[in-house]
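Per our numbering, the sequence shown starts with residue 6, numbered consecutively.
Watch out, some of these pointers could steer you wrong.
As the list claims (entries may be wrong) - Between beta-carbon pairs, the in silico distance windows are:
#: 1; residue 1: SER119; residue 2: PRO96; range: 24 to 30 Å
#: 2; residue 1: GLU78; residue 2: SER111; range: 22 to 28 Å
#: 3; residue 1: GLN32; residue 2: GLN98; range: 15 to 21 Å
#: 4; residue 1: VAL39; residue 2: GLY97; range: 16 to 22 Å
#: 5; residue 1: ARG110; residue 2: TYR80; range: 20 to 26 Å
#: 6; residue 1: GLN32; residue 2: ALA81; range: 30 to 36 Å
#: 7; residue 1: PRO99; residue 2: ASP129; range: 17 to 23 Å
#: 8; residue 1: ILE33; residue 2: SER134; range: 29 to 35 Å
In case anyone wonders, no lab produced these hints; they're calculated from the structure.
Built from N, CA and C at the ideal position, the CB exists for glycine as well.
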Amino acid sequence: MSIRLTKVFVFAVLAAALLQSCVAPPQIQVSDGVTIQRELNDRTVIGYFVGSGGGSYCEYHTPNGTVLGRDTEIYAGNWQVRGNAICYAYPGQPEDCQQVYVSGRSVTFYDLFSNTVARGNLADGNLCS
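Throw the hints in and build the complete structure from the sequences for me.
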């Protein structure tokens with residue numbers, strides 16, 4: 006193989022690896038739907054949003070599918086587990102489904118691209134009111 010052909014081959018391999026690392030979502034651990042339902046039902050998540058918006062929040066997941074929350078203001082919506090994701094619906098906003106990883110009392114929420122959305126801790130009952 007000529008030096009020129011070798012350089013082209015090496016460049017092509019590096020470009021393919023770079024493209025794959027840009028396209029492939031990071032590998033994350035996620036909980037299954039049964040675990041999400043069991044661990045969030047009748048519990049409060051006290052957490053913070055990750056990213057540019059930041060900020061802390063408190064959300065209580067009622068057994069009847071209502072979510073009662075507080076961040077800079079009090080709000081309410083609905084939650085349900087669909088497959089292996091939790092989906093939230095708040096008035097005037099599109100539904101937002103996220104993957105969840107529960108480990109003991111720690112919980113992490115991911116968007117559908119595997120980016121961390123929020124982190125928090127679970128507590129029994131409603132601590133948001």
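Unsatisfied constraints (hint numbers, rising): 3, 4 and 7
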